[in-house]
Amino acid sequence: MDFKEKIFQSITYIASICTIVFLFGIILSLFFEGLPVLNFTSIKDFLFSKDWYPTMFPPKFGILSLIAGSFVVTLGALVISIPLGLGAAIYISEIANKRVKEILKPLIELLAGIPSVVYGLFGMAFLSPFLIKVFQVPIGLNAFNASIILGIMVVPIISSMSEDALSTVPNSLREASLALGANKWETIMKVVLPAAKSGVISSIILGFGRAIGETMVVLMVAGGAAQIPDSIFDPVRPMPATVAAEMGETAIGTPHFHALFGIAIILFIITFISILIIEFVVMRRKK
Amino acid sequence: MVNKTQKTAHISTENLNLWFDDNHVLKDINIPIYDKKVTAMIGPSGCGKSTMLRCFNRMNDLIPGCKIKGKVNLYDQNIYDSKVDVTDVRTKVGMVFQRPNPFPKSIYKNVAYGLKVRGEKKAKIDELVEKSLKDAWLWDEVKDRLHESAFSLSGGQQQRLCIARALANNPEILLLDEPTSALDPQSTAKIEELCLELKNKVTILIVTHNIAQAGRISDYTAFIFLGELVEFAPTKEMFTVPKDSRTEQYLSGAFG
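These protein sequence lines are chains U and A, in that order.
First residue of the first sequence: 1, per our numbering; consecutive thereafter.
First residue of the second sequence: 288, per our numbering; consecutive thereafter.
Keep in mind that the hints were calculated from the coordinates and are not lab data.
Take these hints with a grain of salt, some might be off.
Heads up, simulated BS3-like pairs for lysine-lysine below, C-alpha to C-alpha not over 27 Å straight-line [said to hold, decoys possible]:
1. A:Lys-354 x U:Lys-98
2. U:Lys-184 x A:Lys-409
3. U:Lys-184 x A:Lys-379
4. A:Lys-523 x U:Lys-190
5. U:Lys-197 x A:Lys-392
6. U:Lys-50 x U:Lys-105
7. U:Lys-197 x U:Lys-98
8. U:Lys-101 x A:Lys-354
9. A:Lys-403 x A:Lys-392
10. U:Lys-184 x A:Lys-430
Just so we're clear, the structure is a prediction, and the values are computed from it rather than from any experiment.
Kindly generate the complete structure, drawing on both the sequences and the hints.
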């Protein structure tokens, strides 16, 4: 084999090995630092107690409130982003003419390029006072605010991936439906969307993973109270915000330190499962 | 050119012109399609025969830049009239495409699709699915696996499924756009036989690239060349004594 070719092959090989090393390195250190939390609390208390008092004596490391906070804002985000993202995808793929499509598509993708801290600023400075005024609530930094901001962040993920899925549905299926006397709306709902189902579901799960792992926005606008919310207007403290806010004030090797890594393990497992589901959905489609 | 002693046409065009942007694809087409007959449209690739077929159920409406002048009359109703409901036209005038295009759904759901869209009752749908599959000569092959995916069928079976799906709407006219060009000879023969059977119930208009096929199954043949209807006549007449020299050349294989 040519020498140059051999070099090129080894460089790409090393690059691919590196990514695997990084991945397993991160997973290993995560579990190495996170599992010791079980020396200070039982797994049951860790997952199902809602008392998160890491700096009290004795400290309490129950993360149920944090899990609840994460799920409330994430589900809220999906309630907002699924109809908006899917609607935009359907409009771009099925309804808009070529020129509108060429303008709309990059604009929506631009939304994905905005740094999350900018979203956070928007939530703090504009959305928060707006919510206080409109809904007459005492605090504008709450689960509702975080849901809206996260929802807007997830829209481009759902819309661009769903749009790809819709666009790959062969035109012959649309023609078949229209030729059978279905109108455009029926064709979209009964043929195109079902044919693109796996891609659409994948986009929603990916959006879910993005929302549950997003840190800066929830740190800035979710309110930060470690409690199980009674209403959507209560402040919450999602898992990533907890880790980000508390890690800087924690000594390495303390129970609190390990507990924060424990939270990171839970986050990792949740996103890992969502990626597995996507793989499963895509694999099933290819079969 | 058209024999005036013929009965009235089921569907016919009147000075039909069609453009894709500035490209004049169909030029002053006047053609009658007779009731319960098979009419074949032949001509070299790119002559406009598929485009013409798609004028009869307004499928060209979907193509951006398509402009149509003239009339297409279903009996005496111009289907391009602004009062006409296009989904209604497409229910009356069914279509089968060049490549089998079943939906990624079960065999049953494929046939039931048009009926569901029109909100038929479940019992009625069951009955019509069975009838349509029988009419398309597919029932015996699929009756035990109606709820399996349509993709589990062979190419020829898929095409007959598409015919069944179109028949379920109880159309008056069936448009077939080179329905056997993607099929093997055996499946082709079966679909040709099926056409001869179906013409007792529906008017059939078939575009074909295969001159022999037109000879085998059609009662009338239209020869289209460069967007013009060169000749329209009973098939036997055209195949024995073509009037136009271009028709003669095409039929003898001088070009194609």
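Checklist entry - Does Lys-184 (chain U) pair with Lys-409 (chain A) here, judged by a C-alpha cut-off of 27 Å? => result holds, 23 Å
Checklist entry - Is the Cα-Cα distance between Lys-197 (chain U) and Lys-98 (chain U) 27 Å or less? => result holds, 24 Å
Next on the checklist: Against the 27 Å threshold, does the CA-CA distance of Lys-403 (chain A) and Lys-392 (chain A) hold or violate the hint?
Outcome noted: holds, 14 Å
Checklist entry - Are Lys-50 (chain U) and Lys-105 (chain U) close enough, with their CA atoms no more than 27 Å apart? => result Distance of about 43 Å is beyond 27 Å: violated.
Checklist entry - Given the hinted pair Lys-184 (chain U) and Lys-379 (chain A), is their alpha-carbon gap at most 27 Å? => result Cα-Cα ~18 Å, so holds.
Item to check | Lys-523 (chain A) paired with Lys-190 (chain U) [C-alpha distance capped at 27 Å] | outcome: Answer violated: Lys-523 (chain A) to Lys-190 (chain U) is near 44 Å, above 27 Å.
Checklist entry - Taking only the CA atoms, is the gap from Lys-184 (chain U) to Lys-430 (chain A) under or equal to 27 Å? => result violated, 31 Å
Checklist entry - Is the hinted pair Lys-101 (chain U) and Lys-354 (chain A) satisfied, with a Cα-Cα distance of at most 27 Å? => result OK: Lys-101 (chain U) and Lys-354 (chain A) at ~23 Å, within 27 Å.
Next on the checklist: Run the distance test for Lys-197 (chain U) versus Lys-392 (chain A): straight-line Cα separation, threshold 27 Å.
Outcome noted: holds, 12 Å
Checklist entry - Given the hinted pair Lys-354 (chain A) and Lys-98 (chain U), is their alpha-carbon gap at most 27 Å? => result The given pair, whose Cα atoms are some 18 Å apart, holds under the 27 Å limit.
Hint violations for this structure: numbers 4, 6 and 10, all remaining hints satisfied.
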